[in-house]
Amino acid sequence: MDAMDAIKATYFQECDELLASLEEGLLALEAGEGDSDTINAVFRAVHSVKGGAGAFGFEPMVEFAHVFETALDAMRSGKLDPDPDVLKLMLRASDVLADHVQAAKGEGVVDAARAQAMAEELEALTAPEAAQRRKRKVRPSADAPASDEWGFTVQKFDFGDPAPAAGGWMLTMRPTAAAYAKGHDALLFLRELSRLGELTTRLDASALPELGALNPEESYLAWTVELPSEVEEAAIRDVFDFVGDDCPIELTRAEADPAAEAPAPAVDIEALLASVQDAPPEPGAPGADEKPAAAEKSAAKNASPASGATIRVDLERVDRLIDLVGELVINQAMLAQRVAESELARSSTVAMGLDELEQLTREIQDSVMAIRAQPVKSVFQRMPRLVREAASATGKQVRLVMEGEGTEVDKTVIERLSDPITHMLRNAIDHGLESTGERIATGKPEEGTVRLAALHRSGRIVIEVSDDGKGINRPKVREIAVNKGLIAADAALTDDEIDNLIFLPGFSTATTVSNLSGRGVGMDVVRRSIQALGGRISISSAPGKGSTFTLSLPLTLAVLDGMVISAGDQTLVAPLTAIVETLRPKPDEVRPLGPRGAVLAVRGSHVPLIDVGVALGMREQPIDPCEGVVLLVESEGGGRSALVADEIQGQRQVVIKSLEANYQRVDGVAAATILGDGRVALILDVEAVVEKRLNERQAPLAKAS
Amino acid sequence: MTKTILTVDDSRMMREMLLMVLQGAGFNVVQAEDGVEGLEALERTTPDVIITDINMPRMDGYGVIEGVRRDPRHRATPILVLSTESSAEKKQRAREAGATGWIVKPFQADTLLDVVRRVSA
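Those protein sequences? They're chains B and A, same order as listed.
With the numbering used here, letter number 421 in the first sequence gets 421, and the count goes up by one each step, no holes.
With the numbering used here, letter number 72 in the second sequence gets 72, and the count goes up by one each step, no holes.
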């Protein structure tokens, strides 16, 4: 059933949002920032998850959510104090609820024993009431057909049997003004009763005053209804169950001739219904005739549903729009170039109009990119659970502090942030923080703090993961690096360079491999995945005080500010973010190193020269750096390098076209783009070019050690 | 004539489900995401029946019921409460506020339609 599947998909989507707000609320309460609104929101989250679970028949989830909800309800009504222990338990309960949701999606299994234990812990919170509650709670989901305890049960009755006239039911109903005021209607009671069996109805209009004294808001009428004897008493009472005291009834078994007791002449039900519908204002039921007219009006107005401040749009449509805007940018650039070549005056209307077009194109592009931007919250909100689990796996006490969850970044970037952040957080807890015993011994608070922050800095998003642990153990890192042949035994490295050794492939500082950080996946993998996104990662550390990993990424993967350069007959684009400075070396600054290599002296230090054309296999021999230009680039871990190109053509924003999607992955090339003159240019993967060159340089060292 | 039903529920899933069931049965449906929106919707539309959730942000279902009953244009409109809650106290509170009926979530489509038809003359 398609519609049902769609609703289910909506439900799961909603569940993710509800679970996130549940966790957020509980964390806020734990931090002492919550108020009664927070408690209400937390309650509502669980309540809504349960409601949907019931609708789709996810019974185990309903049961668990119910227990959870009961505990939250106690908190809401002030019977349960939201102290830290209670909140910690509830946070764990929210994890179990999340497991239930995953299981319902078919994406995991619930640890039944854990869920049961959790349910019992939650029940214990409201212990004094627990027994009573358990008895009372036949859950609503379990009794779906009887889901109308206010008397809305549909009674199925056989209308075929002719009802015996005598010994039937005598029912008197006197709807009060209050009943009408609450949307009830005597007509509807009669219609409902008529479903139970054949009716004989008498109207008692004896209380009806003179027309002049009649208050249209008052109720004056009563009815006496005779029902067949085989109709069950409960079925009759059910009709009036929801109206309650607002429509008092008397129900008795008729013993004698009903006509003799009748207070008024008998009225045929059909005639009565007709009279109610056709008559001028029925005094007792104002609603009965006002409504049709009003409803007509509403139909005419055809009121539209309340519109929210957001709309949901298929991602494909947005991507299509982004693609088109990319084409627009390219076309605009081409047009600008043509105009420039046509020798039209800068002040001509064409040139000026084109300037405006360029401005507008930029603005459209920014606006379109903003559509895809989302707060990093969606990734951040998964982290508290991860930290809790990592903390319990390592037996450490950890407090997670998150900042800048509202920082926005392109959706594709967000999706790929999750793994690196996960890894860095685990790493911080596993390797960064000391054990509780160690912390106490060094006079630190027992509870370690891990901070996860997001911020915008110069057109990039920066993610920082820091801990207040022991910091990088530099002598040990150095020792390992030497042992593994990553550096020479006598290499002179700065503290920063030593810290960054942990990003080298195959480096692992943990003496015991815990099952938390896992085997085989080191920081080098994190670095590589960040680099694949055009990002950088670095670490700074202070012994005894902790470490900070800083990860910076472009805000979007769709456009890039680049420097257009030529190498051989090719035009290339180097990402501007990678370039520190450009320079034209003098002959005395270039020093040969080895048979093919050379270094460049830059303000007292030496950086390796890398010929871009050679690196990409476009020519065999490097050009003389003094004839060309040098781009000084900075890479993570590898320090600075000098890329040699023939010349610089200019600086511009380019639209990134995936090479992998259109051709195949090429080492040293990140992507391609189309320039203003219509030529295709390759975008350099600076990290890859430099890394390749460094590996060539390091290989002999590794052998030597 | 097509009858209009106002549904007030903060759950998108519930709103979609109500929409599917009610539209499928030929009703015109106006949706609101919470109590405040529900009462705002009454400025623009005159529903034949209002179906409201109880637990909602900003304004809960009791607030909706009281608001409707105070509004001269809508005070006689039947209001059905649709909630996972089923305690007698809560029902009594809704009844006192002026609710016409109470349906427990999760609901069966047939039951819901039956009740809606029952209260809409």
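None of these hints come from the bench; they were simulated from the model.
Heads up, some of the hints might be wrong.
[What the hints assert, rightly or not] With a straight-line cut-off of 20 Å between C-alpha atoms, the simulated EDC-like cross-links for lysine to aspartate or glutamate are:
#: 1; chain 1: A; residue 1: K90; chain 2: B; residue 2: E17
#: 2; chain 1: B; residue 1: K657; chain 2: B; residue 2: E327
#: 3; chain 1: A; residue 1: K90; chain 2: B; residue 2: D245
#: 4; chain 1: A; residue 1: K90; chain 2: B; residue 2: D238
#: 5; chain 1: A; residue 1: K90; chain 2: B; residue 2: D241
#: 6; chain 1: B; residue 1: K692; chain 2: B; residue 2: D524
#: 7; chain 1: B; residue 1: K411; chain 2: B; residue 2: D323
#: 8; chain 1: B; residue 1: K476; chain 2: B; residue 2: D496
#: 9; chain 1: B; residue 1: K692; chain 2: B; residue 2: D667
#: 10; chain 1: B; residue 1: K411; chain 2: B; residue 2: D366
#: 11; chain 1: B; residue 1: K88; chain 2: B; residue 2: E446
#: 12; chain 1: B; residue 1: K377; chain 2: B; residue 2: E358
#: 13; chain 1: B; residue 1: K105; chain 2: B; residue 2: E17
#: 14; chain 1: A; residue 1: K90; chain 2: B; residue 2: D246
#: 15; chain 1: B; residue 1: K657; chain 2: B; residue 2: D677
#: 16; chain 1: B; residue 1: K79; chain 2: B; residue 2: E120
#: 17; chain 1: B; residue 1: K8; chain 2: A; residue 2: D71
#: 18; chain 1: B; residue 1: K377; chain 2: B; residue 2: D16
#: 19; chain 1: B; residue 1: K377; chain 2: B; residue 2: E17
#: 20; chain 1: B; residue 1: K377; chain 2: B; residue 2: E30
#: 21; chain 1: B; residue 1: K545; chain 2: B; residue 2: D495
#: 22; chain 1: B; residue 1: K377; chain 2: B; residue 2: E14
#: 23; chain 1: B; residue 1: K79; chain 2: A; residue 2: E89
#: 24; chain 1: B; residue 1: K105; chain 2: A; residue 2: E16
Okay, the hints, checked on the actual structure:
no. : hint               : in the structure
1   : A:K90 with B:E17   : 27 Å, violated
2   : B:K657 with B:E327 : 11 Å, holds
3   : A:K90 with B:D245  : 16 Å, holds
4   : A:K90 with B:D238  : 19 Å, holds
5   : A:K90 with B:D241  : 15 Å, holds
6   : B:K692 with B:D524 : 15 Å, holds
7   : B:K411 with B:D323 : 15 Å, holds
8   : B:K476 with B:D496 : 14 Å, holds
9   : B:K692 with B:D667 : 9 Å, holds
10  : B:K411 with B:D366 : 14 Å, holds
11  : B:K88 with B:E446  : 17 Å, holds
12  : B:K377 with B:E358 : 34 Å, violated
13  : B:K105 with B:E17  : 15 Å, holds
14  : A:K90 with B:D246  : 17 Å, holds
15  : B:K657 with B:D677 : 16 Å, holds
16  : B:K79 with B:E120  : 18 Å, holds
17  : B:K8 with A:D71    : 36 Å, violated
18  : B:K377 with B:D16  : 12 Å, holds
19  : B:K377 with B:E17  : 11 Å, holds
20  : B:K377 with B:E30  : 19 Å, holds
21  : B:K545 with B:D495 : 15 Å, holds
22  : B:K377 with B:E14  : 16 Å, holds
23  : B:K79 with A:E89   : 17 Å, holds
24  : B:K105 with A:E16  : 19 Å, holds
Checked against the numbered hints above, the structure breaks hints 1, 12, 17 and satisfies the rest.
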